[in-house]
Amino acid sequence: MSTGNTLDESARTVEAESFILPFERICAADLPHVGGKGANLGELARAGFPVPPGFCVTTAAFDAFFAGVGETQALYAALESLDGKDVEAARRVAEATRAALGQAPLPPAVADAVLAAWRALGTEAAWAVRSSATAEDLPDASFAGQQDTFLNIRGAESLLDAVRRCWVSLFTDRAVLYRARNGFGHRGVKLSVVVQRMVMPEVSGILFTADPLTGRRGTVSIDAGFGLGEALVSGLINADLYKVDKATGEFLSVQVGDKALAIRPRPEGGTREEALPEATRSARALDDVTARELAALGARIEAHYGEPQDIEWCIEAGRIYVVQARPITSLYPLPTPAPDDGGTHIYLGFGHVQMMTDPMPPLALQVWQLTIPFGRTSSGTEEPPHETRSVAVAGSRLFLDATPMLRHPLLRRRMVGIARHVYEDLGRGMDALANQPAFQRGARGGRATVRGVGRIAFPLVTRMLHRLFVADPASLLSRVETFSESLLTEMRARLAAAAPGAARLRESRRVLSELMSRALALPPNLLVGVVAKGLLGQGIRRGLLGGTLEDLSALERGLPGNVTTEMDLAVGDLTDLVRPHPALAAVLHDRPAPEALAAARDLEGGPAFLTAWRAFLERYGMRGHGEVDLSRPRYKEDPSLLLATIVGGAGPAGANRSAGEHRAHHAALAARAEAAGERLVAASRRGLTGSLRARLARRWVRLARAGLGLREHPKFLLVRVLELVRDAVLEAGSLLVRRGALGAPDEVFLFRFEELIAALEAERAPDLRPLAEERRAALRRDARRAPPLVMASDGEIPVLAGREDLPPGAMSGTAASAGVVEGRARVVLDPTREVLHAGEILVAPHTDPGWTPLFVHASGLVTEVGGLMTHGSVVAREYGIPAVVSVTGATRRIHTGQRIRVDGTRGIVELLDEGAA
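Position 49 (the sequence shown) corresponds to 49 in the UniProt record's numbering; numbering is contiguous.
The set of hints was computed from the structure by calculation and includes no laboratory data.
Any given hint could be a false lead.
[To be verified] What follows is a list of derived Cβ distance ranges for each label pair:
| id | residue 1 | residue 2 | range |
| --- | --- | --- | --- |
| 1 | 819 | 675 | 51 to 61 Å |
| 2 | 566 | 773 | 49 to 59 Å |
| 3 | 758 | 822 | 57 to 67 Å |
| 4 | 803 | 503 | 49 to 59 Å |
This structure is a prediction, so every number in the text was calculated from the model and none was measured.
Glycine included, every Cβ here is placed at the ideal spot set by N, Cα and C.
With the hints as constraints, model all of the structure from the sequences given.
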């Protein structure tokens, strides 16, 4: 009998211990048992930070409670069916789940364990009872505020009731909807409960160890108010804001808020609101000494975790306590590699310039690190080729290091001036960061910078001057095409000569490292067009040449030789072949691309369409949506975007268009541009020197049109070389799949060249699949981040002031193509999935050449990123459609079907009705 009692008692002790973990026994590895909040508090307590004592009711206790609910499988099935879009459905399911949990009994063993731990710490104290989910306070998802907290809990009954209510709050409407929208499965999320001695603070608040607004890692930002922190986090008061330099302890700013009230604990339990007298509400909550102490404490906590932290703190009887710390998930990652000179660097978003801001996998990033010729430590021909030091990676995006140019006073003025003209926000952001004291303290750019710029600029300028004053404008196109075809043929032969696998990847790496340096022969042909147009503009403004600026602007319409425009016109030709045949259009619309193209052979109009289709892919099949990313499929692999565009143009909205109308429109634009050029020449022929000025004007008009028409040729050469490299990489991927190293050929893009070469050459191929999944998950996380246009190496992202001349409710951007249009918006996030109908206004996050088939049908353009010389702007001007670019939040604020007005002259977008969601 005695032995049996001992065994029963031992079993109860083990069971109780599985339900309870005191803070001093918790570390970060215990997250599955105590949730994010509990793991962080235990980690802080074990590290010696001032955390009020307490314990966690573990997820094992939650499981025991949930086991008493009954129909758990049905509840979870209903939760997992939610897609995060139907808010009402989420509310219904969440309410039903809470109702079921509300009827479940609290397991006696759990209740006994909770009360035993509570008694051991002291029953006279008040307690804070807080939810701690296993999917919260994570490095990439905070889940802040999704579950409930209960303060000033007193007595056994109230404590157990608060624990139950915390468990039920895992299924609040907001928590269920948050998980559904962010792809977190409901079955895998469990809830622990933190029970912590309640601090009765005079002052409390939140501390960020990096500025949450600008992202600057060197600034500590402290919000503070009187009483409990709930008044602050609930937005009931305007808290004080203290910003402290982390390194020096100096105050960068102090803003005293109007703290109208404080939340205080009631003696009997719970809380109350207390109105503060005028003198108190406007007084500082923190003196200088305490604010610096908090900043220093925050810096130590950040150092412990190795990343910026969001810290909840409070002060009781003059002592600082930490009641929570979590990663700041909203910060954009720092560029890597970090600068090695100790100074602050300024980076420009490569994706914004290329009009493709999505994250890219490691191999696609390395392609550009090899290709960009600036900042190399040696030639690109050695083994292995060196990557540029002028490119950093952050959030799976590329950033160009503009520091050497911006540190040289003369080069900085020129660079910022040019940027402000072609991409206003880029220039403003560069200027804002370059004026920061942290950047000013860095070493000035000197002769080395000028020499480096000169090595690249001198040959370009020399060639451009030859084109400007000597070469026949009509020869520019043939020069570019001959050079491009020769280089492409050579590189294709080199890759074909290398053996498949490691050898071909090595040759791909060499080809990429040489490509841009050798292709620098092409930009002078484009630059001469830009310079010639600029000279005409200067001549008109200063009265040295005749004509109007309107005629000057018209020169960019209907440009000759633009390969992207020629592609779009070819898409229009394909649309003309489909439009008379409704059955063909229906098949192309309703079926997947391979099946639709196969079925087209037997339909009226199908054979003629397929012949033209094959010719199109032969010429343009290497292009595609997001084509600067090597991992993205090309048209020849996934023609969904092209077929959607063709169907959109052949549908009801385009039914009234006649065959060849798109080419006639382009020809009319070209004719108007030529007529505008003749007017500029004729207006310059007046006066004694008129003959000379007219000859000069005519040459510059011809150069402007010929040169600007070549804008897309360097990119066209690049994507054709990328096609060769992509084929070699996918070939290597297939080899690695056969050797069991990868699960699918396209996983190859998740690795760098050297990793793939090593795997191919290994006697026994390593299993790369777990690492592939890890990197794929990182890409998914980075896809949720919004990349900055400009950022500093310390994480600062400049906050730019908005315009003051906007009509109510309007959005501002950069005026990119003149004119005003009103119409229905079509918001396109993925051009492979959405159809733009004739006459609609295209609203997109960005566009690149892969998007431009949509321009055939667009009546206007609005993009979230871009400048005067970025892709969408140039194409819009050539097509003669109004465009406003760099419109922050356009795809969120504008809905498909909504009537909008696009003013491409003033850079304004107005919402004319509520529209359709």
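Range agreement (Cβ of residue 503 with Cβ of residue 803, hint 49 to 59 Å): Given range 49 to 59 Å: holds, Cβ gap about 56 Å.
Between residue 566 and residue 773, does the C-beta distance stay in 49 to 59 Å? 42 Å, violated
Per the hint of 51 to 61 Å, is the separation of the Cβ atoms of residue 819 and residue 675 within bounds? For residue 819 and residue 675 the Cβ distance comes to about 18 Å; the hint is violated.
That 57 to 67 Å hint for residue 758 and residue 822 (C-beta), does it hold up? Check passed, 58 Å falls within 57 to 67 Å.
When each numbered hint is compared with the structure, violations occur for hints 1 and 2.
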